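So the protein sequences, as listed, match chains Z and B. Position one of the first sequence corresponds to residue 1 (the working numbering), numbered consecutively onward. Position one of the second sequence corresponds to residue 1 (the working numbering), numbered consecutively onward.
Since the hints were derived computationally from the structure, they do not count as laboratory data. All the pointers check out, no bait thrown in.
Only some residues are given here: those of chain Z computed to face chain B with a beta carbon under 7 Å:
1) F42
2) L43
3) I45
4) I56
5) T102
6) F105
7) G106
8) P107
9) G108
All values derive from a computational prediction rather than experimental measurement. Built from N, CA and C at the ideal position, the CB exists for glycine as well.
Spelled out, the chains give:
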Amino acid sequence: DTAVSQTPKYLVTQMGNDKSIKCEQNLGHDTMYWYKQDSKKFLKIMFSYNNKELIINETVPNRFSPKSPDKAHLNLHINSLELGDSAVYFCASSLLAGDTDTQYFGPGTRLTVL
Amino acid sequence: AQSVTQPDIHITVSEGASLELRCNYSYGATPYLFWYVQSPGQGLQLLLKYFSGDTLVQGIKGFEAEFKRSQSSFNLRKPSVHWSDAAEYFCAVGAVTNKLIFGAGTRLAVHP
Numbered sequence: 001d002t003a004v005s006q007t008p009k010y011l012v013t014q015m016g017n018d019k020s021i022k023c024e025q026n027l028g029h030d031t032m033y034w035y036k037q038d039s040k041k042f043l044k045i046m047f048s049y050n051n052k053e054l055i056i057n058e059t060v061p062n063r064f065s066p067k068s069p070d071k072a073h074l075n076l077h078i079n080s081l082e083l084g085d086s087a088v089y090f091c092a093s094s095l096l097a098g099d100t101d102t103q104y105f106g107p108g109t110r111l112t113v114l
Numbered sequence: 001a002q003s004v005t006q007p008d009i010h011i012t013v014s015e016g017a018s019l020e021l022r023c024n025y026s027y028g029a030t031p032y033l034f035w036y037v038q039s040p041g042q043g044l045q046l047l048l049k050y051f052s053g054d055t056l057v058q059g060i061k062g063f064e065a066e067f068k069r070s071q072s073s074f075n076l077r078k079p080s081v082h083w084s085d086a087a088e089y090f091c092a093v094g095a096v097t098n099k100l101i102f103g104a105g106t107r108l109a110v111h112p
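Looking at chain B on its own, in the form it has when it is part of the complex (with noise of 0.2 Å):
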C-alpha cells in the first residue's frame, strides 16, 4: 500500500540554524513527491517537487530536497532557517490519477 511517513511529528531549532526533515515514502512505481507547508490558519503551499531526474531538487524560499530511491527518502533541507519558516511541513506522494497520499506532518518551531 502507498503509504508516507514523517518520522519527527515537532521539531524546534534556533533561527539561523540548519533544518532536515524526514520523509520516507512507500510506493510501488516511481514516486512523484512533493512537500507542500501549511502556516498557520492557512492553505498548503508547494514547496518543491520531484518527478525525474536530478535527484536534488531546489524549491521557493531557500528549500531544497533529496531523493533517495535506494533509502525510500524525500528529505527537505534548509540551510539557515528564519522565523517565518516556522509552519507545518508535509511531505506526499502522487499516486494514479493524481490522488495525493500525505503524511502525518512535521512541526517545525522556530526560536529566536
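Only chain Z is shown next, with the shape it has when bound in the complex (with noise of 0.2 Å):
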C-alpha cells in the first residue's frame, strides 16, 4: 500500500495553462505538505494544511492555490503556468503538526512547463 501517493507522475503543459497535480494519503495523519524542487534539487515549502486549515503559506505567487477537500487529501491547482514553475513537486504529511513530526513524502510530481 502506497501512504503518500501522487497523480500524475509526470506533466508536460505549455505556457499559460491551468493544471492541478492530486495527493493523498492513507496514513491517517492530520497535517499534508507541498514541497517545490528545483532544477538544483534544493527544496522549499510552499504551504502546510492541519485538518483542511491552511497553516504555512509561503511567499507563493498566488496562481498557487492549496485546496484539501478533506484530511486525506491536498490538491495543488496552478493557473497560467510560467516556464519557471518546471520544477518536482512533493507532497508529503505528517501525524501532527509540530515541529518534531516526520514527514512521509510521496514519489513526486514533476512538471515541464514548455
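Make the complex out of the two chains shown on their own, each in a separate frame, by following the hints.
What follows is the structure, given as C-alpha cells:
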C-alpha cells in the first residue's frame, strides 16, 4: 500500500495553461504539505494544511492554490503556468503539525512547462 | 534566519569505504534535525532524526548521525558504503509549525 501518493507522476504542458496535481495519504495523518524541488535539487516548502486548514503559506505566487477537501487529500492547482514553474513537486504528510513530527513524502510530480 | 548548509555538493567513495556527509545548521532554538535520502526518480525517505537525548542517533540502512551543538553540526556517517547507497542526501531542520528547512543536498556516487 502506498502511504503518500501523487498523480500524475509526470506532467508536460504549455505556458499559460492551468493544471492540477493531486495528493492522497492513507496514513491517517492530520497535516499535509507541498514542497517544490527546483532544477538544482533545492527543496522548499510551499504550503501546509492541518485538518483542512492552511497553516503555512510561504511566499508563493497566488497562481498556486492548494485545496484540501478532507484530511487525506491535498491538491495543488496552478493557474497560468510559467516556465519557472517547471520543477518536481512533492507532497508530504505528518501525524501532527509539531516541529518534531516526521514527514512522509510522496514520489513527486515532475512538471515541465514548455 | 534558519538555514541548513551542506558544504559538499558531490562526494564519490569506493564501495566498502566509510562515509561522512556534513551538515551545519543555523537555528535560534533547540533544533530538530533530520536526514532524508532521495534515490533517483524517487521521493524522500527518512534515514534518521534527532530531537533530544543521546547525541548519536541510529537510523535505517546502517546510517548514524551525531549532533554537536558546539559546532552546529549534524553529520551523517556510515562505516561501509554499499553501491545501493548512491543517492542524494538532504539534511533538514524542523522549524516552527513543522516547516522543514532543507540543505541543498549532497549527491553520493559509489565506485565499485
